[in-house]
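K.L.:
Sequence:
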Amino acid sequence: GAVQLPGLIVPFVMWLASLGVAMFAIHRLVLRHLFALRRRMRRFAIDRRLTSPPKNMVIAAELAELDTAFDNLASTVLQDEAETEDALREKNILLKEIHHRVKNNLQMISSIMNMNLRKARSDETRQAISRLQARVLNLAAVHRQLYMADNLTRADAGARLRAGTGPLTDVLVGAGKKVRVTQDFDEVHLLPDQLLPLSLLAAEVVANAAKHMRAPDGGPAWLSVSLSAHESDGSRVIFRCANSKGPITVLPTSADSQAGLGTQLISAFARQLGGQIDVDERDGSYAITCDFPIAGDRNAAQVDY
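Basically our numbering = 1-based index in the sequence shown + 131.
Everything labelled a hint here was simulated from the structure, so no lab data went into it. Be aware that one or more of the hints could be misleading.
[Stated by the list, open to error] Once the Cα atoms are required to be at most 30 Å apart in a straight line, the calculated DSS-like pairs of lysine-lysine come out as:
#, residue 1, residue 2
1, Lys-234, Lys-222
2, Lys-342, Lys-309
3, Lys-227, Lys-250
4, Lys-376, Lys-309
5, Lys-234, Lys-186
6, Lys-342, Lys-250
7, Lys-234, Lys-342
Source: prediction; values computed, not measured.
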(Lines of atoms letter the chains of each structure in order from A and count residues from 1; the text may use other names and numbers.)
(Lines give C-alpha, C1' and ligand atoms only; values in the text may rest on other atoms or scores of the structure.)
Protein backbone atom coordinates (compact mmCIF):
# COMPACT_ATOMS: atom_id res chain seq x y z
CA GLY A 1 0.00 0.00 0.00
CA ALA A 2 0.88 3.66 0.00
CA VAL A 3 3.53 4.85 2.43
CA GLN A 4 1.98 6.94 5.21
CA LEU A 5 4.05 9.98 6.22
CA PRO A 6 4.16 10.72 9.90
CA GLY A 7 1.89 13.49 10.98
CA LEU A 8 4.83 15.73 12.06
CA ILE A 9 6.52 15.88 8.66
CA VAL A 10 4.23 18.52 7.19
CA PRO A 11 4.47 20.90 10.17
CA PHE A 12 8.27 20.42 10.23
CA VAL A 13 8.58 21.25 6.54
CA MET A 14 6.41 24.31 7.02
CA TRP A 15 8.58 25.36 9.97
CA LEU A 16 11.74 25.02 7.89
CA ALA A 17 10.15 27.06 5.12
CA SER A 18 9.08 29.80 7.51
CA LEU A 19 12.54 29.80 9.08
CA GLY A 20 14.13 30.21 5.67
CA VAL A 21 11.79 33.05 4.81
CA ALA A 22 12.57 34.71 8.16
CA MET A 23 16.34 34.35 7.63
CA PHE A 24 16.05 35.75 4.13
CA ALA A 25 14.00 38.68 5.41
CA ILE A 26 16.44 39.37 8.26
CA HIS A 27 19.40 39.29 5.88
CA ARG A 28 17.71 41.47 3.28
CA LEU A 29 16.21 44.00 5.65
CA VAL A 30 18.82 44.11 8.45
CA LEU A 31 22.05 42.14 8.08
CA ARG A 32 23.14 43.33 4.65
CA HIS A 33 22.71 46.94 5.78
CA LEU A 34 24.79 46.25 8.89
CA PHE A 35 27.46 44.52 6.78
CA ALA A 36 27.52 47.50 4.40
CA LEU A 37 27.85 49.88 7.35
CA ARG A 38 30.68 47.77 8.78
CA ARG A 39 32.55 47.94 5.45
CA ARG A 40 32.13 51.72 5.38
CA MET A 41 33.43 52.01 8.95
CA ARG A 42 36.45 49.82 8.19
CA ARG A 43 37.24 51.83 5.06
CA PHE A 44 36.98 55.06 7.02
CA ALA A 45 39.27 53.73 9.75
CA ILE A 46 41.90 52.65 7.20
CA ASP A 47 42.20 55.68 4.93
CA ARG A 48 39.65 58.20 6.25
CA ARG A 49 37.59 57.79 3.06
CA LEU A 50 33.88 58.26 3.66
CA THR A 51 31.95 56.19 1.11
CA SER A 52 28.25 56.57 0.35
CA PRO A 53 25.75 53.90 1.47
CA PRO A 54 24.48 51.52 -1.21
CA LYS A 55 21.71 52.98 -3.35
CA ASN A 56 18.34 51.49 -4.29
CA MET A 57 18.16 49.58 -1.02
CA VAL A 58 15.07 49.46 1.14
CA ILE A 59 16.20 50.23 4.65
CA ALA A 60 14.36 50.56 7.93
CA ALA A 61 14.11 53.95 9.56
CA GLU A 62 16.23 52.84 12.54
CA LEU A 63 19.03 51.61 10.27
CA ALA A 64 18.81 54.80 8.19
CA GLU A 65 19.29 56.80 11.40
CA LEU A 66 22.32 54.63 12.19
CA ASP A 67 23.82 55.42 8.78
CA THR A 68 23.14 59.11 9.28
CA ALA A 69 24.71 59.04 12.73
CA PHE A 70 27.86 57.43 11.34
CA ASP A 71 28.06 59.98 8.51
CA ASN A 72 27.75 62.84 11.02
CA LEU A 73 30.37 61.27 13.30
CA ALA A 74 32.78 60.71 10.41
CA SER A 75 32.33 64.27 9.17
CA THR A 76 33.01 65.60 12.67
CA VAL A 77 36.17 63.47 12.97
CA LEU A 78 37.43 64.69 9.59
CA GLN A 79 36.75 68.30 10.51
CA ASP A 80 38.47 67.95 13.91
CA GLU A 81 41.50 66.29 12.32
CA ALA A 82 41.72 69.03 9.71
CA GLU A 83 41.56 71.71 12.41
CA THR A 84 44.21 69.88 14.44
CA GLU A 85 46.51 69.65 11.42
CA ASP A 86 46.00 73.36 10.71
CA ALA A 87 46.78 74.21 14.34
CA LEU A 88 49.88 72.02 14.30
CA ARG A 89 51.01 73.57 11.02
CA GLU A 90 50.54 77.07 12.45
CA LYS A 91 52.45 76.04 15.58
CA ASN A 92 55.35 74.72 13.51
CA ILE A 93 55.41 77.91 11.45
CA LEU A 94 55.43 79.98 14.64
CA LEU A 95 58.23 77.91 16.17
CA LYS A 96 60.27 78.18 12.98
CA GLU A 97 59.77 81.95 13.00
CA ILE A 98 60.86 82.12 16.64
CA HIS A 99 64.03 80.12 15.95
CA HIS A 100 64.69 82.27 12.88
CA ARG A 101 64.38 85.52 14.82
CA VAL A 102 66.50 84.22 17.69
CA LYS A 103 69.16 83.25 15.16
CA ASN A 104 69.03 86.71 13.59
CA ASN A 105 69.27 88.42 17.00
CA LEU A 106 72.24 86.28 17.99
CA GLN A 107 73.98 87.10 14.72
CA MET A 108 73.34 90.79 15.35
CA ILE A 109 74.90 90.43 18.82
CA SER A 110 77.87 88.74 17.16
CA SER A 111 78.21 91.70 14.78
CA ILE A 112 78.26 94.10 17.73
CA MET A 113 80.94 91.96 19.36
CA ASN A 114 82.92 92.07 16.14
CA MET A 115 82.82 95.88 16.22
CA ASN A 116 84.10 95.84 19.81
CA LEU A 117 86.70 93.28 18.83
CA ARG A 118 88.18 95.64 16.23
CA LYS A 119 88.41 98.39 18.83
CA ALA A 120 89.97 96.23 21.52
CA ARG A 121 93.61 97.02 22.23
CA SER A 122 94.79 94.22 24.47
CA ASP A 123 95.21 90.61 23.38
CA GLU A 124 93.41 89.39 26.49
CA THR A 125 90.34 91.45 25.66
CA ARG A 126 90.32 90.30 22.05
CA GLN A 127 90.60 86.65 23.10
CA ALA A 128 87.76 87.02 25.59
CA ILE A 129 85.50 88.67 23.00
CA SER A 130 86.42 86.07 20.37
CA ARG A 131 85.54 83.17 22.68
CA LEU A 132 82.26 84.79 23.64
CA GLN A 133 81.49 85.51 19.99
CA ALA A 134 82.15 81.86 19.12
CA ARG A 135 79.64 80.77 21.78
CA VAL A 136 77.02 83.17 20.44
CA LEU A 137 77.54 81.99 16.85
CA ASN A 138 77.28 78.39 18.03
CA LEU A 139 73.89 79.15 19.57
CA ALA A 140 72.83 80.88 16.37
CA ALA A 141 73.83 77.81 14.34
CA VAL A 142 71.71 75.56 16.56
CA HIS A 143 68.65 77.77 16.10
CA ARG A 144 69.31 77.85 12.37
CA GLN A 145 69.30 74.05 12.25
CA LEU A 146 66.06 73.96 14.25
CA TYR A 147 64.11 76.33 12.03
CA MET A 148 65.34 74.57 8.90
CA ALA A 149 64.47 71.09 10.19
CA ASP A 150 61.25 69.39 9.12
CA ASN A 151 60.74 67.95 12.60
CA LEU A 152 60.90 70.60 15.30
CA THR A 153 60.47 68.05 18.10
CA ARG A 154 63.92 66.48 17.73
CA ALA A 155 67.03 67.25 15.70
CA ASP A 156 70.10 65.28 14.70
CA ALA A 157 72.81 66.09 17.25
CA GLY A 158 75.45 64.29 15.18
CA ALA A 159 74.85 66.57 12.20
CA ARG A 160 74.97 69.64 14.47
CA LEU A 161 78.28 68.66 16.06
CA ARG A 162 79.74 67.71 12.69
CA ALA A 163 78.86 71.14 11.32
CA GLY A 164 79.99 72.93 14.47
CA THR A 165 83.23 71.23 15.43
CA GLY A 166 84.55 70.83 11.89
CA PRO A 167 85.18 74.52 11.19
CA LEU A 168 86.07 75.02 14.85
CA THR A 169 88.91 72.50 14.73
CA ASP A 170 90.16 73.97 11.45
CA VAL A 171 90.36 77.45 12.99
CA LEU A 172 91.69 76.47 16.41
CA VAL A 173 94.29 74.04 15.15
CA GLY A 174 95.61 76.72 12.83
CA ALA A 175 96.99 76.66 9.32
CA GLY A 176 100.25 74.88 8.74
CA LYS A 177 100.12 72.70 11.87
CA LYS A 178 100.40 68.97 11.46
CA VAL A 179 97.40 67.77 13.40
CA ARG A 180 95.43 64.58 12.80
CA VAL A 181 91.73 65.27 13.47
CA THR A 182 89.25 62.39 13.76
CA GLN A 183 85.50 63.00 13.98
CA ASP A 184 82.87 60.27 14.35
CA PHE A 185 79.29 61.39 14.98
CA ASP A 186 76.38 58.96 15.04
CA GLU A 187 72.86 60.03 14.12
CA VAL A 188 71.34 60.80 17.52
CA HIS A 189 68.07 62.71 17.69
CA LEU A 190 67.67 64.96 20.72
CA LEU A 191 65.19 67.51 21.96
CA PRO A 192 66.19 71.17 21.50
CA ASP A 193 66.57 71.44 25.30
CA GLN A 194 69.43 68.95 25.05
CA LEU A 195 70.78 69.90 21.64
CA LEU A 196 71.67 73.41 22.81
CA PRO A 197 73.76 72.50 25.89
CA LEU A 198 75.38 69.58 24.05
CA SER A 199 76.45 71.84 21.19
CA LEU A 200 77.87 74.41 23.62
CA LEU A 201 79.61 71.72 25.69
CA ALA A 202 81.21 70.24 22.57
CA ALA A 203 82.43 73.66 21.46
CA GLU A 204 84.02 74.36 24.84
CA VAL A 205 85.66 70.95 25.11
CA VAL A 206 87.01 71.00 21.54
CA ALA A 207 88.28 74.57 21.99
CA ASN A 208 90.16 73.60 25.14
CA ALA A 209 91.52 70.44 23.53
CA ALA A 210 92.79 72.29 20.48
CA LYS A 211 94.31 74.95 22.70
CA HIS A 212 96.27 72.58 24.94
CA MET A 213 97.21 69.75 22.57
CA ARG A 214 100.83 69.00 21.88
CA ALA A 215 102.60 66.63 19.52
CA PRO A 216 103.68 63.43 21.26
CA ASP A 217 107.18 62.10 20.83
CA GLY A 218 107.60 60.58 17.43
CA GLY A 219 104.33 61.67 15.88
CA PRO A 220 101.99 64.54 15.04
CA ALA A 221 99.44 66.00 17.41
CA TRP A 222 95.98 64.49 17.21
CA LEU A 223 92.44 65.36 18.22
CA SER A 224 89.51 62.93 18.34
CA VAL A 225 85.83 63.89 18.79
CA SER A 226 82.91 61.46 18.78
CA LEU A 227 79.23 61.16 19.64
CA SER A 228 77.58 57.75 19.95
CA ALA A 229 74.55 56.07 21.50
CA HIS A 230 74.89 53.21 23.95
CA GLU A 231 74.84 49.84 22.21
CA SER A 232 72.57 48.30 24.89
CA ASP A 233 69.28 50.16 24.52
CA GLY A 234 70.14 53.47 22.89
CA SER A 235 68.68 55.46 25.79
CA ARG A 236 71.98 57.15 26.65
CA VAL A 237 74.54 59.10 24.64
CA ILE A 238 78.30 59.38 25.01
CA PHE A 239 80.21 62.47 23.88
CA ARG A 240 83.98 62.08 23.96
CA CYS A 241 86.89 64.33 23.08
CA ALA A 242 90.53 63.28 23.36
CA ASN A 243 93.78 64.99 22.45
CA SER A 244 97.47 64.21 22.37
CA LYS A 245 98.41 66.42 25.28
CA GLY A 246 98.01 66.56 29.01
CA PRO A 247 94.92 67.80 30.81
CA ILE A 248 92.37 69.80 28.86
CA THR A 249 91.17 71.38 32.03
CA VAL A 250 90.70 70.59 35.68
CA LEU A 251 87.09 70.04 36.59
CA PRO A 252 85.89 72.50 39.22
CA THR A 253 85.17 71.34 42.72
CA SER A 254 83.67 73.08 45.72
CA ALA A 255 87.17 74.04 46.83
CA ASP A 256 88.28 75.21 43.38
CA SER A 257 87.05 78.78 43.05
CA GLN A 258 89.71 79.67 40.51
CA ALA A 259 88.33 77.42 37.78
CA GLY A 260 88.24 79.06 34.38
CA LEU A 261 85.09 80.13 32.61
CA GLY A 262 85.36 77.33 30.06
CA THR A 263 85.65 74.75 32.83
CA GLN A 264 82.62 76.14 34.63
CA LEU A 265 80.61 76.14 31.42
CA ILE A 266 81.52 72.52 30.65
CA SER A 267 80.30 71.42 34.08
CA ALA A 268 77.15 73.54 33.78
CA PHE A 269 76.27 72.15 30.35
CA ALA A 270 76.83 68.60 31.59
CA ARG A 271 74.42 69.23 34.49
CA GLN A 272 71.82 70.57 32.06
CA LEU A 273 72.16 67.37 30.04
CA GLY A 274 71.68 65.32 33.19
CA GLY A 275 75.04 63.67 32.58
CA GLN A 276 78.42 63.21 34.18
CA ILE A 277 81.90 64.30 33.18
CA ASP A 278 84.66 61.70 33.31
CA VAL A 279 88.35 62.40 32.75
CA ASP A 280 90.87 59.83 31.55
CA GLU A 281 94.45 61.10 31.80
CA ARG A 282 97.29 58.94 30.55
CA ASP A 283 100.81 59.40 29.31
CA GLY A 284 100.60 61.49 26.16
CA SER A 285 96.81 61.66 26.00
CA TYR A 286 93.87 63.20 27.76
CA ALA A 287 90.17 62.45 27.23
CA ILE A 288 87.01 63.97 28.58
CA THR A 289 83.69 62.13 28.31
CA CYS A 290 80.10 63.16 29.00
CA ASP A 291 77.57 60.34 29.42
CA PHE A 292 73.93 61.50 29.56
CA PRO A 293 70.42 60.07 29.01
CA ILE A 294 68.25 60.94 26.05
CA ALA A 295 65.41 62.99 27.46
CA GLY A 296 61.82 62.35 26.46
CA ASP A 297 59.11 64.90 25.72
CA ARG A 298 57.90 64.87 29.31
CA ASN A 299 61.15 64.72 31.25
CA ALA A 300 63.40 66.79 29.01
CA ALA A 301 66.26 68.61 30.63
CA GLN A 302 65.55 72.29 30.97
CA VAL A 303 68.11 74.69 29.56
CA ASP A 304 69.07 77.49 31.92
CA TYR A 305 71.07 80.16 30.16
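K.L.:
Hints first: check each against the structure and report whether it holds.
P.N.:
Here's how the hints hold up against the structure:
1. Lys-234 x Lys-222: holds, 18 Å
2. Lys-342 x Lys-309: Roughly 14 Å between the alpha carbons, so the hint for Lys-342 and Lys-309 holds.
3. Lys-227 x Lys-250: violated, 35 Å
4. Lys-376 x Lys-309: Distance of about 14 Å is within 30 Å: holds.
5. Lys-234 x Lys-186: violated, 59 Å
6. Lys-342 x Lys-250: holds, 24 Å
7. Lys-234 x Lys-342: holds, 28 Å
When held up to the earlier numbered hints, the structure conflicts with 3 and 5 and fits the remainder.
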